[in-house]
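Asker: Chain by chain, the residues:
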Amino acid sequence: MASRKEGSGAAGGGFGASKGKGKTAAAGDSAVKQVQIDGLVVLKIIKHYQEEGQGNEVVQGVLLGLVVDDRLEITNCFPFPQHTEDDADFDEVQYQMEMMRSLRHVNIDHLHVGWYQSTYYGSFVTRALLDSQFSYQHAIEESVVLIYDPIKTAQGSLSLKAYRLTPKLMEVCKEKDFSPEALKKANIAYENMFEEVPIVIKNSYLINVMLWELEKKSAVADRHELLSLASSNHLGKSLQLLMDRVDEMSQDIVKYNTYLRNVSKQQQQKHQYQQRRQQENIQRQSRGEPPLPEEDINKLFKPPQPPPRMESLLIAGQINTYCQNIKEFNAQNLGKLFMAQALQDYNN
Amino acid sequence: PPAAAPAAPAAPAPPPAAPLSAALSGPFPGGRVVRLHPVVLASIVDSFERRNEGAARVIGTLLGTVDKHSVEVTNCFSVPHNESEDEVAVDMEFAKNMYELHKKVSPNEIILGWYATGHDITEHSVLIHEYYSREAHNPIHLTVDTSLQNSRMSIKAYVSAPMGVPGKTMGVMFTPLTVKYVYYDTERIGVDLIMKTCFSPNRVIGLSSDLQQVGSASARIQDTLTMVLQYAEDVLSGKVAADNTVGRFLMDLINQVPKISPEDFETMLNSNINDLLMVTYLANLTQSQIALNEKLLSL
Numbered sequence: 001m002a003s004r005k006e007g008s009g010a011a012g013g014g015f016g017a018s019k020g021k022g023k024t025a026a027a028g029d030s031a032v033k034q035v036q037i038d039g040l041v042v043l044k045i046i047k048h049y050q051e052e053g054q055g056n057e058v059v060q061g062v063l064l065g066l067v068v069d070d071r072l073e074i075t076n077c078f079p080f081p082q083h084t085e086d087d088a089d090f091d092e093v094q095y096q097m098e099m100m101r102s103l104r105h106v107n108i109d110h111l112h113v114g115w116y117q118s119t120y121y122g123s124f125v126t127r128a129l130l131d132s133q134f135s136y137q138h139a140i141e142e143s144v145v146l147i148y149d150p151i152k153t154a155q156g157s158l159s160l161k162a163y164r165l166t167p168k169l170m171e172v173c174k175e176k177d178f179s180p181e182a183l184k185k186a187n188i189a190y191e192n193m194f195e196e197v198p199i200v201i202k203n204s205y206l207i208n209v210m211l212w213e214l215e216k217k218s219a220v221a222d223r224h225e226l227l228s229l230a231s232s233n234h235l236g237k238s239l240q241l242l243m244d245r246v247d248e249m250s251q252d253i254v255k256y257n258t259y260l261r262n263v264s265k266q267q268q269q270k271h272q273y274q275q276r277r278q279q280e281n282i283q284r285q286s287r288g289e290p291p292l293p294e295e296d297i298n299k300l301f302k303p304p305q306p307p308p309r310m311e312s313l314l315i316a317g318q319i320n321t322y323c324q325n326i327k328e329f330n331a332q333n334l335g336k337l338f339m340a341q342a343l344q345d346y347n348n
Numbered sequence: 001p002p003a004a005a006p007a008a009p010a011a012p013a014p015p016p017a018a019p020l021s022a023a024l025s026g027p028f029p030g031g032r033v034v035r036l037h038p039v040v041l042a043s044i045v046d047s048f049e050r051r052n053e054g055a056a057r058v059i060g061t062l063l064g065t066v067d068k069h070s071v072e073v074t075n076c077f078s079v080p081h082n083e084s085e086d087e088v089a090v091d092m093e094f095a096k097n098m099y100e101l102h103k104k105v106s107p108n109e110i111i112l113g114w115y116a117t118g119h120d121i122t123e124h125s126v127l128i129h130e131y132y133s134r135e136a137h138n139p140i141h142l143t144v145d146t147s148l149q150n151s152r153m154s155i156k157a158y159v160s161a162p163m164g165v166p167g168k169t170m171g172v173m174f175t176p177l178t179v180k181y182v183y184y185d186t187e188r189i190g191v192d193l194i195m196k197t198c199f200s201p202n203r204v205i206g207l208s209s210d211l212q213q214v215g216s217a218s219a220r221i222q223d224t225l226t227m228v229l230q231y232a233e234d235v236l237s238g239k240v241a242a243d244n245t246v247g248r249f250l251m252d253l254i255n256q257v258p259k260i261s262p263e264d265f266e267t268m269l270n271s272n273i274n275d276l277l278m279v280t281y282l283a284n285l286t287q288s289q290i291a292l293n294e295k296l297l298s299l
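Top to bottom, those sequences are chains B and L.
Its first residue numbered 1, the first sequence is counted upward by one per residue in full-length UniProt numbering.
Its first residue numbered 1, the second sequence is counted upward by one per residue in full-length UniProt numbering.
The reader is advised that the hints may include incorrect statements.
[Unchecked claim] Derived DSBU-like pairs: lysine-lysine, alpha-carbon spacing no greater than 35 Å straight-line:
hint : chain 1 : residue 1 : chain 2 : residue 2
1    : B       : Lys265    : L       : Lys295
2    : B       : Lys33     : B       : Lys265
3    : L       : Lys295    : B       : Lys176
4    : B       : Lys327    : B       : Lys255
[As the list claims (entries may be wrong)] Which residues of chain L face chain B? A partial, calculated answer using Cβ under 8 Å:
hint : residue
5    : Arg50
6    : Glu93
7    : Phe94
8    : Asp185
9    : Met195
Source of the hints: derived by calculation from the structure; they are not laboratory data.
Quantities reported herein were computed from a predicted structural model and do not represent experimental measurements.
We treat Cβ as the ideally placed atom computed from N, Cα and C, and that holds for glycine.
Using the sequences and the hints given, assemble the complete structure.
Answerer: Spelled out as structure tokens, the structure:
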């Protein structure tokens with residue numbers, strides 16, 4: 001859904017210096033060790049989802065900032081309008097260019113450093129995300145994708161994660177070869193697809209002053225959603241999504257198994273054919289006739305197409321994410337339940 | 001191309017035909033209260049920090065929504081401008097462009113007014129306010145005092161009202177409005193988190209892990225409970241006069257812990273714990289299953 005940012009290749013040139021630094025690091029290292037986000041960006045992302053995103057539509061936007069040593073600093077962001085059918089002639093690249101040009105006038109960092117996306121219950125490991133992130137990382141080495149989970153945030157604590165593609169996955173995507181052999185060679189498991197980069201939030205002094213002002217003026221209506229014991233709704237939905245994915249995975253496995261079976265059947269057929277050929281040739285020799293020419297076996301038996309493995313990798317990655325989220329959620333709820341028990345015991 | 005105009009001493013052209021007085025006394029929706037989101041303030045402070053050299057203040061447009069009950073400011077963007085002793089120039093073309101771009105993302109937001117940093121309303125403000133009256137009906141003017149006069153960052157909002165002797169010297173008066181801060185739920189949580197940077201030495205915080213969050217939430221409740229206990233003891237010992245409403249709230253609080261027989265509670269607790277443990281077990285099982293699958297594929 002996010003467009004390919006070809007125009008930002010120029011911006012990528014600005015990272016020439018830091019790219020050089022990145023290359024001197026060890027071969028398996030990524031260029032970015034930490035992501036530093038301004039408080040303003042957090043607020044903007046929250047607002048964007050709140051106002052424009054309903055249900056399970058994703059909202060997306062662009063992150064602006066700069067790279068300092070091995071830290072990626074994100075200082076501002078702007079949202080991307082959602083695709084609507086009646087806006088067919090809407091030019092995404094033009095919108096972006098204009099936005100960045102205007103922001104440059106008011107001294108906002110206009111360097112592209114990544115993009116953000118909201119997610120529904122943690123389901124963000126999709127082909128679209130992979131493609132977008134690949135094109136971003138290809139153009140700008142240090143870019144990250146920020147995943148914002150509004151539902152988890154509404155439950156009590158901000159859920160914001162930064163991901164990048166591992167260098168191994170970048171290699172595979174560059175080749176565009178997703179057959180089983182290539183993936184085996186690259187030794188990619190679903191855990192090595194994305195790497196998470198730790199996030200810190202930083203504010204300037206003046207923003208801190210403003211936050212103090214806000215604190216004084218606003219009502220202390222603290223919402224302790226975090227300590228609510230009602231968990232079944234959230235858990236039910238997560239499990240539903242997990243089940244769907246597992247179904248998809250099993251279908252994929254069936255497909256792969258049929259492929260393997262076809263391949264082995266074909267091997268057998270080839271073998272039989274060769275044996276028959278040899279026997280015929282021996283018979284002909286004994287009769288004194290010239291042997292039959294060796295026909296190209298491969299033309300007779302076309303090998304079946306190996307199914308692309310990327311889908312199953314993505315599904316496995318998604319299942320893994322779901323499971324992680326569910327376990328985290330459960331751990332919290334267990335803690336809350338034990339607290340409730342302690343309270344009740346004290347009462348009795 | 002910025003539109004320049006010499007600064008006349010607070011004597012603009014006579015107010016437009018549409019009766020401003022009616023607009024003010026009548027429907028300023030919500031009873032002269034402006035509802036402000038924190039993201040707007042953060043944006044303003046950020047653009048102030050990035051101002052051009054030599055600029056004493058920055059200005060920009062306020063966007064938001066108006067309905068029968070309230071005026072809500074939800075977004076803003078800064079507009080480049082030049083200000084000197086005798087003239088002020090605002091890049092209105094830029095402002096129009098930015099507004100168009102913003103409309104593509106949030107078609108519901110309209111121009112509500114403008115903001116300026118600094119703690120005074122100057123003569124130039126009057127002119128700029130007039131520019132904005134052409135864009136918005138009865139625009140709001142917001143000042144954010146980044147120069148921290150009186151060691152406070154005062155945030156004030158105004159609307160303009162005509163004043164003076166009709167027919168002779170007319171002027172414009174800025175009447176103050178009350179500013180209320182509103183948050184979405186998620187915004188509240190975001191602001192709470194960002195606020196923590198005030199307490200850390202280099203203004204940097206990380207995001208906490210799952211159990212830590214439960215821990216800090218319960219610590220907060222513990223603190224509030226201690227405060228309430230302290231109050232109750234003060235009332236008992238006569239230090240503070242008893243307040244009936246507070247007493248009733250306390251009564252509600254105590255009664256909120258439900259009275260269930262211990263056996264019932266045990267069953268409830270155990271079934272819940274069993275549910276959670278089962279789901280955790282299933283999740284672990286699924287994870288080992290896909291790991292196994294991965295290994296098998298690479299044979």
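Asker: All hints, please: hold or fail.
Answerer: Now for the hints, and whether the structure bears them out:
1. A distance of roughly 23 Å separates the Cα atoms of lysine 265 of chain B and lysine 295 of chain L; the hinted pair therefore holds under the 35 Å criterion.
2. At most 35 Å may separate the alpha-carbon atoms for a hinted pair to count; lysine 33 of chain B and lysine 265 of chain B exceed this at roughly 49 Å.
3. Our distance criterion of 35 Å between C-alpha atoms is met by lysine 295 of chain L and lysine 176 of chain B, whose separation comes to about 23 Å.
4. The suggested pairing of lysine 327 of chain B with lysine 255 of chain B holds, with an alpha-carbon distance near 30 Å, which does not exceed 35 Å.
5. Annotation: interface hint on arginine 50 of chain L holds; nearest CB of chain B at approximately 4 Å, less than 8 Å.
6. Nearest Cβ of chain B to the Cβ of glutamate 93 of chain L: about 10 Å, over the 8 Å cut. The hint is violated.
7. Because the closest C-beta pair between phenylalanine 94 of chain L and chain B is about 6 Å apart, less than 8 Å, the hint holds.
8. With a cut of 8 Å, the hint placing aspartate 185 of chain L at the interface with chain B holds, because the nearest CB-to-CB distance is about 6 Å.
9. The criterion of a C-beta within 8 Å of any C-beta in chain B is met by methionine 195 of chain L, whose closest approach is roughly 5 Å, and the hint holds.
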